[in-house]
Every structure is written in C-alpha cells, then in structure tokens.
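Build the full structure now, drawing on both the sequences and the hints.
4 protein chains.
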Amino acid sequence: MSDTIATPAPASEAGQDGAIVLGDNQYGKAEVRVVKVDRDKPRHRITDLSVTSQLRGDFTVAHTQGDNSPVVATDTQKNTIFALAKDGVGSPEQFAMRLAEHFTSSFDWVTGGRWEVKEYTWEHIPTSLTTNASDGEHDHAFVKAGTETRTAVVQRDGDDVFVVAGLEDLSVLKSTGSEFHGFPRDRYTTLVETDDRILATSVTARWRYTTTDIDFNAAYDDVRRVMLETFADVHSLALQQTLYQMGKRVLETHPEIGEIKFSMPNLHHFLVDLAPFGLENPKEVFYAADRPYGLIEAEVKRSDVTPEPRAWATVTGFC
Amino acid sequence: MSDTIATPAPASEAGQDGAIVLGDNQYGKAEVRVVKVDRDKPRHRITDLSVTSQLRGDFTVAHTQGDNSPVVATDTQKNTIFALAKDGVGSPEQFAMRLAEHFTSSFDWVTGGRWEVKEYTWEHIPTSLTTNASDGEHDHAFVKAGTETRTAVVQRDGDDVFVVAGLEDLSVLKSTGSEFHGFPRDRYTTLVETDDRILATSVTARWRYTTTDIDFNAAYDDVRRVMLETFADVHSLALQQTLYQMGKRVLETHPEIGEIKFSMPNLHHFLVDLAPFGLENPKEVFYAADRPYGLIEAEVKRSDVTPEPRAWATVTGFC
Amino acid sequence: MSDTIATPAPASEAGQDGAIVLGDNQYGKAEVRVVKVDRDKPRHRITDLSVTSQLRGDFTVAHTQGDNSPVVATDTQKNTIFALAKDGVGSPEQFAMRLAEHFTSSFDWVTGGRWEVKEYTWEHIPTSLTTNASDGEHDHAFVKAGTETRTAVVQRDGDDVFVVAGLEDLSVLKSTGSEFHGFPRDRYTTLVETDDRILATSVTARWRYTTTDIDFNAAYDDVRRVMLETFADVHSLALQQTLYQMGKRVLETHPEIGEIKFSMPNLHHFLVDLAPFGLENPKEVFYAADRPYGLIEAEVKRSDVTPEPRAWATVTGFC
Amino acid sequence: MSDTIATPAPASEAGQDGAIVLGDNQYGKAEVRVVKVDRDKPRHRITDLSVTSQLRGDFTVAHTQGDNSPVVATDTQKNTIFALAKDGVGSPEQFAMRLAEHFTSSFDWVTGGRWEVKEYTWEHIPTSLTTNASDGEHDHAFVKAGTETRTAVVQRDGDDVFVVAGLEDLSVLKSTGSEFHGFPRDRYTTLVETDDRILATSVTARWRYTTTDIDFNAAYDDVRRVMLETFADVHSLALQQTLYQMGKRVLETHPEIGEIKFSMPNLHHFLVDLAPFGLENPKEVFYAADRPYGLIEAEVKRSDVTPEPRAWATVTGFC
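Residue numbers (my numbering), protein chains in the order written: chain A, 1129 to 1447; chain B, 1129 to 1447; chain C, 1129 to 1447; chain D, 1129 to 1447.
Please keep in mind that the hints were generated in silico from the structure rather than gathered at the bench.
Take every hint as true, because none was put in to throw you off.
No distinction is drawn between identical chains; accordingly, a pair holds when it is met within one copy or between any pair of copies.
Derived pair list, reagent style DMTMM-like, types lysine to aspartate or glutamate, alpha-carbon separation capped at 25 angstroms:
(1) Lys1164 x Glu1251
(2) Lys1169 x Asp1215
(3) Lys1272 x Glu1357
(4) Lys1214 x Glu1321
(5) Lys1169 x Asp1349
(6) Lys1411 x Asp1195
(7) Lys1214 x Asp1314
(8) Lys1164 x Asp1297
(9) Lys1411 x Glu1307
(10) Lys1164 x Asp1203
(11) Lys1214 x Glu1408
(12) Lys1272 x Asp1349
(13) Lys1246 x Glu1296
(14) Lys1246 x Asp1343
(15) Lys1272 x Asp1166
(16) Lys1272 x Glu1251
(17) Lys1169 x Glu1357
(18) Lys1214 x Asp1418
(19) Lys1169 x Asp1324
(20) Lys1246 x Asp1166
(21) Lys1164 x Asp1401
Since we're looking at a predicted model, the values are computed, not measured.
As structure tokens, this is what we get:
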C-alpha cells in the first residue's frame, strides 16, 4: 500500500531554463474559534474570534521532498493562538500583531506571514431584573448583535508590519433619497431612469492604518459610525457616489488611515408593477432580488500617501 | 421529442385493494421577498418579508392526469402576495391570515393551506446629523438589526385558522451561571462534570396563539423580551431546565398562548487545556466547536388546553 | 454570581387546571461526523456519515428541577456512535436501528427516540496509472460524487421501529418535454401558458419501508434509479404530474415501500426576452432564478397500507 | 426629503498634497445566472453559468459628482451577457473574452475589466428506457454532476488579455498513503507524529494560460484528470508535497500553462480514541472536523516564464 514516492528534482534542475519551481506560498491554521472571557469583574466581557494564522518563509523542502523539518505544524499554530489569548486579546489588530511577532521571532526561517482575525459582536442582554445586573443589563448573559463581522488582516514581511482593518456584511438600506439616471444607452440598454429608488447594500470595507500607535477599538467604532451616518446622509445619484463619500469622510476624520477600499453590492429592490391588478404603486411595494446584483468596488485614498501593495496583496474581494 | 405521456389510472383502479393513490399534498410559491415601505410620514417604516403560500384542496387531477384546471398558478399566488401587501402588512400573522382568507374564499376547491411569513428586522440608523433625522435617528435610512428572524405560520382547514408565531436564530450566551453534573455514567461515558461552564445556544421557538384578537407585534416583542430575560436570569443546571423556565415564564405572562415549543442547540464551548504550555486556564480561554452539538427540544404547555395537532402538523424542526 | 435558582413546581400543581407542564421532548447529539474506513482488503471502502441521536422517555425532572439523573449525556451518545461504528456501519438504516436498540435496551427510562443518518457519497478516483489501482480505479483515493445526500430516519417507540429512507438535493433538469397550461385565471393571473419550458428541480424524497428484512443499500440505489429514469421519461404537463409518476413507479417496483413523500421546488428558468436587441430566442437562453420558486409537495401511497403517523411525526420538510 | 447633496471637490483640490482622491475601481453586474440550451440536435447540450462582468476605465465623475454619463448600467451589462449567449457559449474562457472584447470596443472610456464565469456541470441521466434516449442516456434530461465548479477569470487591460482558468471545491480523500512527521517541536507543540493518516482536501486551483489559441474545454478536462490522478498516486509526506506534485505534473503535461496556484484546506479526520471503551481502533473510525482546518497555499511555476501580476491581481483566495 505504498503509493508512488515523489522523487525530488535533482538540485541542478532548479536553475535550468524551463524548470518547474515553487512560487509564492504560505500555510497555517484557519478559522480557530476562540472565545476569551474576561471575568475579573462581576460584569464579564467576552471576545469571540475566528483566527487564521499563515506563515511565510523558506518551506521549499516540504514541497519538493516532503521534508517537514521547517514546517511549524498548523496544530502548533492553533495551540499558540489559544495560549496567547490567555494574556488577553486587546483588539483584533493587536492580537494579530502579537501572533506575527511570536512566529517571526521564534523561528529563523519564518520571515513573515499573514494573520487574519474576525470578531463577532455580542451585547449584554437588557433586563428589567436586578440579580446579576446593573444599569438595566445582565452581567454575564449576552445576545449576538448586528449582522456585520469586524475583520483585521495583519501581514508581516521581515520587520515591516501592515495592518488592514475592516468589516463585512453591514446591511443598510435607504427607502428614498436615491436616484439613478443619465447613464449611456446602447442597443442592449433597457433600464428605465428613476429619481426615487430603494438603495440597499451590504458594506464590506477594509482600511489601512499608517500607524500602530492608536486605540484600534475606538478607531473601529468611529469608522463604522462615520460610514453609517454618511450612507444615511448622502442624497445618492449613484452607489458609486455614496461609496466615495463614505470613504472621503472616513479619511477626513481619521488621519491615521492611508486608504480605504469598499466592495458594495447593489441589492436591487424592484418596484412591483401592480397596474395589471388595477392598483397604483407609488414606491410602496418592492421585490427584493437575489441575483444578479450590481457590484461596486473602489478605493478612496490620500494623494500623498505612498502605496503599500504588500499590505493589500492577499486582502481579497476588492479591486 | 415527445416524452412518454403518463397514462392516468383507470377510474376503477382507485378503489381497488393495493391501488396506488395520492396522499396529502400542498403546493405554492416559496420565499417571495417583498419589502413594503410606509412613506406617508417623513419617518418611513419598512417591512421586509419572505412569504411562502401553499394551497390545499382537491388537486388530484393535476397529479394523476396533468390537468391543471384546479391549479391556481404559483405565479398567481406570488402576484397576490404583492397586491395584498399594497394595503399594508400589519403583522406577519395578520398578513398570512389575509392571504388565507383570500385564497380559500376565491377558489371553491381550495379548502385550506399554509402561509409562512419570515420577517427581517431593520432599525433606523442612529445619526448625529440633523438632516432628515429626529431624535438622533435618520428618517429613511436603516441598518439590519440582530441575528434572529421572526416567523409566523398560519394554517387554515376550512374555517379553522391556526396561528403559530416564532423566531429563529436568536443567539445567546452566558459566560457563567451554568452547571452540568449528576448525569448517569455507563461504559461509553467520559464527560467530566462541571459546576461552571459557558452556556450558548441559538434559540428557535414557536408558540401557538389561542386567539387572533391580539396585537401580534406587541405580543412578539414581549415574548422575545421574556425569553431573553429568563435565559439570562436562570442559574442553569441543564439546558433543559433553562428551556423549560423560558417556556414557563412565557406562558405565565401570555395567557393568549396555548403552548410553546423550543429547539435549542447546545453550542459547546470547550475549556482549552493550557497545562501543556505551563499556563492555568481558570475558565478564560474556550474553543467554540461547530459539530457535533447538543440538541434539546421540548414543548411547554398548559394542562387544560386542548391539543391542536393541525396547528403544528407542518411546523418543522421540533419534536 | 449565583443566578436565580429555578424553583420546581410543587407536586400538587401538575394536576391542577391550567398548570404549566412539560409536553413532548427529545434531546441528544446532532451531526456527529463519523468516517468509517473498511481496510481489510487493498481496495478500501469509506462510509461518510453525519449521525444525530435523540432520546425520548421520562426526562421531566431535568426540565423542572435541573436533576440530570436520567440524562444520558449527549457526549455519551456521541461516544456510543463512534464505538458502534467500529463494528461496521452496514447501511444508514441498519446503523440507526443498532443505535435505537442500544439506547432503549441500556436505559430503562429511554422508551424510544429518533436517529437520523445522512450519508455523503464518494467514488474511487478513476486513474490510468496502475500503482494501487485495479480496473481503472484507485484503491484508496476517492472523489466526492453527485450533489445529493442519502438520509435515513429511524424512530422507535417502545418495541415499534419505523424506518424512513430518503435523499436530499438530487438536482435534475429537462431542457424540453415540459408544458404548463390550462390553469385558472383570475385578476391576479399574468402568467403566459407554455407548451415547452425548462423543468428543473432539486428532489427531496422520503419513503417508509414496511419491513426491515431487506438490503437497504440495494433498495436505495434502485429507488434513486427509478426516480431519475421517471423524471427523464415523463412528458410533463405539471410538476405535480412528474412527482406523482415518480412516486407511482417507485411503489410499483418496490413492494417493501408503504408510501413515499416528495418536496420538489420548481426552480424557474425564465426565457429571456431578446426582442429588444433584435434577436429571436427559440428556447435557447434562459435566466435561472433563485427566489421565489414554486414548491410542490405530495405523498404517493398504497390504498391498503395502514397509515403510520409515528413514522413521519418528525420527518420534516413535507406536508 | 432631499438628503444632503454631496459637493464635489473643487478641481484644484485633486492635485494638492493630501487631497483625497479616487483609487482603483471597477463595477458591474455579478452572478448573472444564464442557462444556454443547444437544441439543434435531438441530444441537447446545456451550459449552466454564473457570469460576473466588471468594467474598468475612467468613471471618476460618477464617484465624485454622481454624474453617470460614463456609467454603462450594470443592467445593460446583464442584458449583454444574455444577448451574447444567444450565439453560443463555447467555453467559459471564450465567452469571457467575447464579453471583454465587446465592452472595450463599444465604449471608448472602458479600457479594461474583469469577467468571471463559473460553470456548473450536468450529465445526461442514465436510463434503461429507449424513448428519447441513445447509448443508455436520455437526450434532454440531466442530473447535476460532481461537487466542483469550473471557473474562468478573464482580465483585459487595453489590448492585453489574461486568462486564468480554475476549479473550486473538488473534494478528494485518501484513506491511507499519507504520513506527517519530522516537524519541529516547541513549547506549544503537542501534535503526535503519524505514518498513516487520512488525507482529505477540497481543491481550489487556478492556472494561467499563456496562449488563447487552445481548446479550453479539452484543456480543463485534462488538467482536472491530472490533478485527480496525482492526488491519488502520490504517497504523501505532507499536503505541501501533494500540492507541489499536482502542480508539477499539470505543468509537465500542459505547456500552454504558465503557472498554477492552489489553495487546499487540510480537512482533518482525527482517529477516535476508543480505548476508554475497551476497543482498538486500527485506523478505522475517524471524526471529521469542521474548524479549524489546515490551509496550504502555493504556486508552482516555470522558472523561465515572465510573471504577469495583472493576470492575478483580483484572482482571490490565494497567496
């Protein structure tokens, strides 16, 4: 039952023209679901994370010869995530940076990597009862809040550290205050112009911090607030315009952010034609479609900030 | 390109011993995604629904002969849902009852059916800006709220109407105040007893109203409140106990409810063994497991209320 | 940090009018993912299962008092599933029956339960190589096959055993040989009649065996074959007719089956109107819609077989 | 009800230091579900696609001013997909290239874009009946095949066209012929070495063609075959080794491919410890875990092929 043993390429082959060689690579443990309870006070706090650790460096012999001598086991990476969580998480960004520091300082040949943290939000359960409660909230009982997931991707290349924060699936909708007209018409254009439509999207955004010396949790909360307020406030002539304004106001209020990228589906709500049934439909009854959907993606940036492609190389889902 | 035409059974066959016949059946349109905007005032309201309509009655010839003369097209059912939404939704329960009344009164041979409505919750976006806003909330911009989905299943059998309300995926967690011990041990038992564990679940609940003369929206909000408060409040010796108390308090506070059923997964959070790394773990670092999970299902009812199996026949996911 | 202790109802309350009491209940471990490798021969076989075990009996004190003395831990149920798999799985139906026998015979107060098994299908990887291969297939390398999942639900009530087999998500499509016309028209009807449409569905079916003395694996394979052949063969005037013929032919060829139930979505494929672009579309280009979809559910049964509601009580997703 | 009108930045601002400007952007219609039926012969063929079209070029005024004069509506892009499908799809790669040619040649300011096509595989239903059938297969009835999805991403930048083919979710498993040992051990390492384990993964692969003058469908089929055969054949000392061999053999047999990238989860199957129950477990009973999972990503390439970052810029899910 011994399968064919893969024969490694002779050493001389690697350099020859047309040789087949290993390119970029990374590996690790994905979606480690760790929940940290801070219980030093009666009012508990919980941090609910999904952590992915991926290492980069010289792992060639594992690929070409099945030699695992440099392969820090993905199981070891998982154990390390749990062990480091014992000291507290702080913020997703800080926790990812600690993991980056640990792995690159512990193993010579690990020269960098990628650490992604997703955080799910919980709120204390409101209660009218007073046992184990204060200010109308229970001390150690929680209900999951909102639809969005907070994200952080930290990448490290030698001593360079890149921090990209973000959120996914923040579902928002405007029931008026959105138009769409003035677009070009060709032989395939049938869309009717409108000066009043529902605008709905599920925001995915990622932004790069140009410093690590900030309060990541406070910054996140405020970026989320600015995005929500701007989505609500902008009278939209195009989802592109709404997106751009959201990015612009985030950058205006957050000098520590170099650029921000958005991926925003246009979740169509079509006005239902009730005329066949003898009814008018003055923008009241809509059909929420699933697929296809519009998809608007753009980056808003500062003209004087140096691009940092390494920060974005594996931050997926964006142009 | 004519496939084999199905030959209907001769009329004499239906009555003979061992004949193959049609049993229970229903059909309709599923998951009609309708969004109703109430825009008569500056502060809009939106109702975001997924509606399923299924008709019952005598549709035998469609099955046995492909004769569609009794088949109210599922497309017609969809159109009807949109048309009736024009007059306002009210509550999921009321909207489902209106659909039931419409179909059973419009078509002689439609003697009943099943109408299920799911509602997704939206909140006005909080804002510090004042344009189109009042009391710190935007008038016509919304953000999706919470993780749970409100549900209503109305079934009608002739003139009898059954209303089962509910919710799905209400995710809750207690970081302490939960024990589990005293269970029997056999040769396959390895579980260690605990007097302090995380208790987490995603509540699915359904309850039957014994009257239709109530404010369904107010009732829903209060049942949800009671369930959350009770989950938080009960010091749990078993998830079964928490479930039972949640049902008991709902029935105690809501005389209009005959019985309530729960399906509650026990979403395990295992304490991570950090001893191999020289660390203690005093209930601080947990691993959130996906599968398998415990699954606790039970009904809490009033001893003097007559069971109504027709109300529950197709309300799935419960014992 | 002690939450409110739930006070059990006094014994006298249970019998009084209007008392709140426990109704039907069951509990256990859900979705235990077990893979059994049969490796006694060079050509391995693998059985890939998701097993759910739920016990029924008298568990009242766990609910009312948090007394776990009768609660066979769900962890113990999981361990038992793994231990019994060591002896071989046989078929999903047989494995579920062994679990039923084990739990009801091991614990006096466990009077019945529900055991559901889902099986995922794997095929040996075809290969042109000869190492560890025979007849063009590799001995111990597999690729997942098909989209459907095989299911079995065994319920036990005292000494009575009920076996319902089935499958989920068998995706099929006919590109012609399907019509739909002759349906009634009312004020909400806009659908155009058609004598040639795409018919697509994802079959979920469940059937009850009236005996346990059969080769369950062979029966399953043949029922699946008959359903596929019949779907292909019937010239369809309604999805209801196709469904009925599928059930009829299964019952005609399988006397060991008492009745069969189907839930079949009508997955709409709408002909795209290309006329605005100056193109004809003779049934060539279709838009595959997501929601809403038609939903057709029916039972086909033998007129002389006694109904057995206990076999179907918790087999969900059907009328 | 007019929301705040977004004021465009004055023209002078764009050039000034620290100005906030638009970065990379693209937009279009996502997941257009088109099914093409080729029915010129009795034996039909169906092509089942999900097509995403995204345009690039100068769309600045839409973002900064809500001026839609350059915005080819996403609805128009959808219509174009349907209209072009009328002429036949050919292969996902060819269809995407036709869309690229259409949009870049039709609109001056559209200088490029991204077109992604996913294809779902269907097989003719095997049948023992002879009506509308030949060689044991039905002419126009189909069943969905396999678990994997074929993918193609075509990007165009001016006159440069990049074609990346691929597949997602090809689920494979070896029940023996896999070892893992020799990895480094640190204070966080607890994993035990093994010389016989289950190796399971769900292959996602993408490869770049260096020419467009090939039979894309034949190439796809053969790449898939080589990957499956190699996965089966390689006696694995590390999933990295299996991955590398899969890539190497694809490149060796397909000179038209410049490089190939893989993302392969290590879907852990843990041997269950049956010792507490007095049972041995000689690699027979495994627990299939969900999360966390290993994640191995790498590129295999030719040393003499010039890298083409533009081909991979938005091909996500890889390092």
